[in-house]
Structure formats: C-alpha cells, structure tokens
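Chemist: Based on these hints, arrange chain A on the given structure of chain W.
Protein chains in written order, with this note's numbering: chain W, 10 to 103; chain A, 132 to 485.
None of these hints come from the bench; they were simulated from the model. Quick reminder that beta carbons are idealized off the backbone N, C-alpha and C, glycines included. There's no promise every hint is true.
Claimed, not checked - A few chain W residues that don't get close to chain A, going by computed Cβ distances all over 12 angstroms: (1) Thr33; (2) Asp40; (3) Arg41; (4) Asn43; (5) Glu61; (6) Leu96; (7) Gln99; (8) Arg102; (9) Gly103.
Stated by the list, open to error - Lysine-lysine pairs mimicking DSSO-like chemistry, simulated, CA-CA at most 27 angstroms apart: (10) Lys62/W <-> Lys265/A; (11) Lys481/A <-> Lys45/W; (12) Lys265/A <-> Lys28/W; (13) Lys28/W <-> Lys82/W; (14) Lys82/W <-> Lys407/A; (15) Lys407/A <-> Lys30/W.
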Amino acid sequence: MGGVRTAGDLVAWMQFTRKMKIDTAKAYVADRLNLKVSDLTDETVMNQVRAEKGIGSVIPDHIEYTGIAAKTKVARLLDIKIHSVDLYEQHLRG
Amino acid sequence: MKEITTSRGDGVRITLSEEELRRDIVAGSEDAARKGKIDPLSEAEIDYLAEIFMLPGRTVSVEPGREVVVSDDGAALMPSWGRPSAGHAIPISDHQAILMYERVYGGDTAGLGFPDYSYKPVKSTIGYARSHYKTISMLTTVPLVYGSQPNMGMYYHPTGPVESPSDYFSKYEFDKAWALQEEAAERMRGDVLDVAENLYEVGCEAMNLDTSGSAGDADFWGCLNVVEDIKEQCPGMPVEMGMAGEMIMGMHGKLTHGGERLAGMYPHQQAVVAEKAGVDVFGVAVNSNTGKSTPYNLARTVTFMKATSDAVSIPVHANSGMGVGGMPMTLLPPITDSTRCAKALVEIGKADGL
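Bound conformation, chain W alone:
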C-alpha cells in the first residue's frame, strides 16, 4: 500500500493491533482521517494529510515528525496501543 508514502503503515497498524481484515482496516483508517478509502492510496492527498497530522512523510519539508514522535501521533490518531510509544511515554514520566 505504499507505507508512509500513503497510508499503508496506518492500515498495517490496524491489522496488527486490532486484527482487522484489509477492507475493515482501510475503512477504519479512512474514517479516522475523514477521508474516502480511495484517498488512502493517493500520494498527493496523503502527503498533505500526513504533514497536517504530523505522522511522518518521505518529503524532506515534512521530516519534522518521524520515528517515535510520528508513532505517538499515529497511536492517538488511530486510538491504538503501540508498545514502543507507551514505553517511551513511561520513560518520559520517569
């Protein structure tokens, strides 16, 4: 699905964390992003959405959110538990 170029990572997160089949996962992600399912594989749409939401991109101008910062936003956006994020936040709290 193109990973961080589009929304493939977001759909994958739903498969791994909520056991969603592909169509259910796509519908869920589209709903959370207020998009059509067809937008999820549209690089132009997703580039803008990912920049606005701060969930990582492959465009250098939008590189400010990557890695654990992007995943933290992904977890909140999709309302899922990402263990690396939970552990990082736990460490920040001391």
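Modeler: What follows is chain A alone, placed relative to chain W:
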C-alpha cells in the same frame, strides 16, 4: 494460437497454449480442493486467473482499491544481511536498511531479525537483539516486527540438547520418539518466550514466528503454546505466525491443541487453531511443485488462500516467494511471476496482505 510465457516451479521459462494454461490452472485448483477438502476455484475465478497470466505486461498489479499491506521475514534487512553471506557487498547497517525500506521502498511494515534467523541463537545474543530493536524502533514510523524462526529441529543433536527422535523411530521405540519431540517443543517454547519477554521490555511492537511447524506437528504445537504464553506475559503485543508449509507433517501424530489434532492440517485448518491461540496475523504457506507450471502452483495456492481467508476473522497474509505462494523455487524471484502471484492472491484469494 496464442502462446503464454510463464515459468515452471524450478524457475525455467516455458510457454503454454491457452488450452494448456487453463488445463494447468484447473488441475492445480482441483488438487488443492481434493487434498484440503475445500471448494475448487469457480469457472469465473479460473477464467480470471488465466487472464492474469495472459496480461501482456512483464509486471502486473492489482486494480485500484485492491491494494494490501506487506509484512516480511527480513525483506527490510536484505541490503544489510547481504554482508555476512557476501551477497550484496553493500556497507550498510540494519538501521540504514530498515529506514530505506520504510522511506524509499515504501514498505508498510518492516521486519527486524538476527542474521542467524532462528530463536535459539537469538536467545544467545539477546543483548544485540534488544539494543538493535530499541534503537531502530525510535527511528521507524511503520510497525517494526521482530521476526525469527522457531526451528524446533535445531534442538535435536548435534545442534541441540535433545536426542533425535529418528534414532528411536527406526527402532520402533515410539514412546521415546514422541517424548523427545515434546521435550524439543517445550525447550523451543521457552526460548521463544524468553526472547519475546526481553524484547517486550524494550518496546517490541510485534513478533513474527516465521516458518511455524517446520519440524512437524510438535513444532506447530510448541508455537501455538508460546503464542498463548506471549499473550499472557506480554499483554497487547501482536503476534504474526507464518507457516512453513501447506500441511503439518505428522512427525508425532498425537498432539492436539484445543482438542484438534494438528498432524495433517492444511492452511484453512491451521489458521483456525492459530486464531484460537491468539495469533493476530496469519501467514499461509503453500508449497510449489518444481515439476509443475507456475499457473498450476498458483492455482493451488489461491484455492487454499481463499478457503483460509474465509475460515478466520483475523487478517491472512500470503507467504509468496522462493517456492511458496505459487512462486518458483529460485533465489531471485522473477517479477513476471511475483506480480502475477500477488495479483491473484489478493483479487481471487482474498489475501489481506502479502
């Protein structure tokens, strides 16, 4: 008469007439239906699969809207893993390889693992695995899945502490042979759980048990048990289980899980017990026959894939490459075949991923 260029299961290029193409597809589907006691492909599905092979392009793709995600057994690490085997000779680290996979190749998930890709050696180098995982997971945005192979066979002599059951089967000492397999499975289970707990401590986002069942039903039994262990000891950590082959070999024959005998299970049955054990993503493996055509092998795979996808509510990914998933048994996958296999597995087999 149109000739269709395709390949055989050993990777050799062949040409088929339309009639031969269709004959192989039907034969492959019927073989899967007979062995798995499942429905064969319908006439419409057979026609569509034939069309896929007759598409003129060297590569083909799914129709818009049918895209699926990919998971892997170390594909993200291929540039860096080339170094130990002197394959690629590219001076690149695991960190760089995975970030390239995420940001250049567009992988939806990325697999991290140890070059000696079995859980037994990973346990011995757990510090390496922990530090690698922790560092790389701080950098990645896509799900970072730690993968390795349970490989129960490594626990037998000479690589492991358990005597080989084969030595006792040959003497008709079946009780001893069964007991040895169960011991190996329990040791494997312990090692996999130990690795899982260690990685969970550093924030592991998901685990992959790759080639589960490779040493037969005791191997599969051990894997199912360790999935339950992981779910209990590592709350919320997703587990992907990729199978080793299409049928669970009955090297033991008597082991059950949830009341179901494991020996002889085909993918649609394997997925059901895996789902019950708590597996989050299930990977189907269907073996390619090197003496048959790729259309035959792919038709078999798609038939099993469809039945498996219908049997469970969890996502099902098709393992495809190097002799499974319709693909020829070659080190370098021909893209004419890999893209046709992917298209068929998704559009006919209803795969949720590859």
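Chemist: If we take the beta carbon of Arg41/W, is the closest beta carbon in chain A still more than 12 angstroms away?
Modeler: Fine: 16 angstroms to the nearest Cβ keeps Arg41/W off the interface.
Chemist: So Asn43/W supposedly isn't at the interface. Is its beta-carbon more than 12 angstroms from every beta-carbon in chain A?
Modeler: 19 angstroms, holds
Chemist: Verify the proposed pairing of Lys265/A with Lys28/W, using a straight-line Cα cut of 27 angstroms.
Modeler: Answer holds: Lys265/A to Lys28/W is near 24 angstroms, not above 27 angstroms.
Chemist: Is Glu61/W truly not at the interface, in the sense that its beta carbon sits beyond 12 angstroms from all beta carbons of chain A?
Modeler: Its Cβ never comes within 12 angstroms of chain A, the nearest being 16 angstroms, so this holds.
Chemist: Quick one: work out the minimum CB distance from Asp40/W to chain A and report holds if it exceeds 12 angstroms, violated otherwise.
Modeler: The assertion about Asp40/W holds, with a minimum of 16 angstroms to chain A.
Chemist: Is the hinted pair Lys62/W and Lys265/A satisfied, with a Cα-Cα distance of at most 27 angstroms?
Modeler: 25 angstroms, holds
Chemist: Sort out whether Lys30/W lies within 27 angstroms of Lys407/A, counting only the CA atoms.
Modeler: Satisfied, since the Cα-Cα distance of roughly 16 angstroms is no more than 27 angstroms.
Chemist: Non-interface claim for Gly103/W: all C-beta distances to chain A beyond 12 angstroms?
Modeler: 17 angstroms, holds
Chemist: Mind checking the alpha carbons of Lys481/A and Lys45/W for me, to see if they're no more than 27 angstroms apart?
Modeler: 21 angstroms, holds
Chemist: Would you check whether the claim that Leu96/W is not at the interface survives, using Cβ distances to chain A and the 12 angstroms cut-off?
Modeler: 4 angstroms, violated
Chemist: Sort out whether Lys82/W lies within 27 angstroms of Lys28/W, counting only the CA atoms.
Modeler: Holds, at roughly 20 angstroms.
Chemist: Please confirm whether Thr33/W is truly not at the interface, meaning its C-beta sits more than 12 angstroms away from all C-beta atoms of chain A.
Modeler: Not fine: 9 angstroms to the nearest Cβ puts Thr33/W too close to chain A.
Of the numbered hints given earlier, the model fails hints 1, 6, 7, 14; all others are met.
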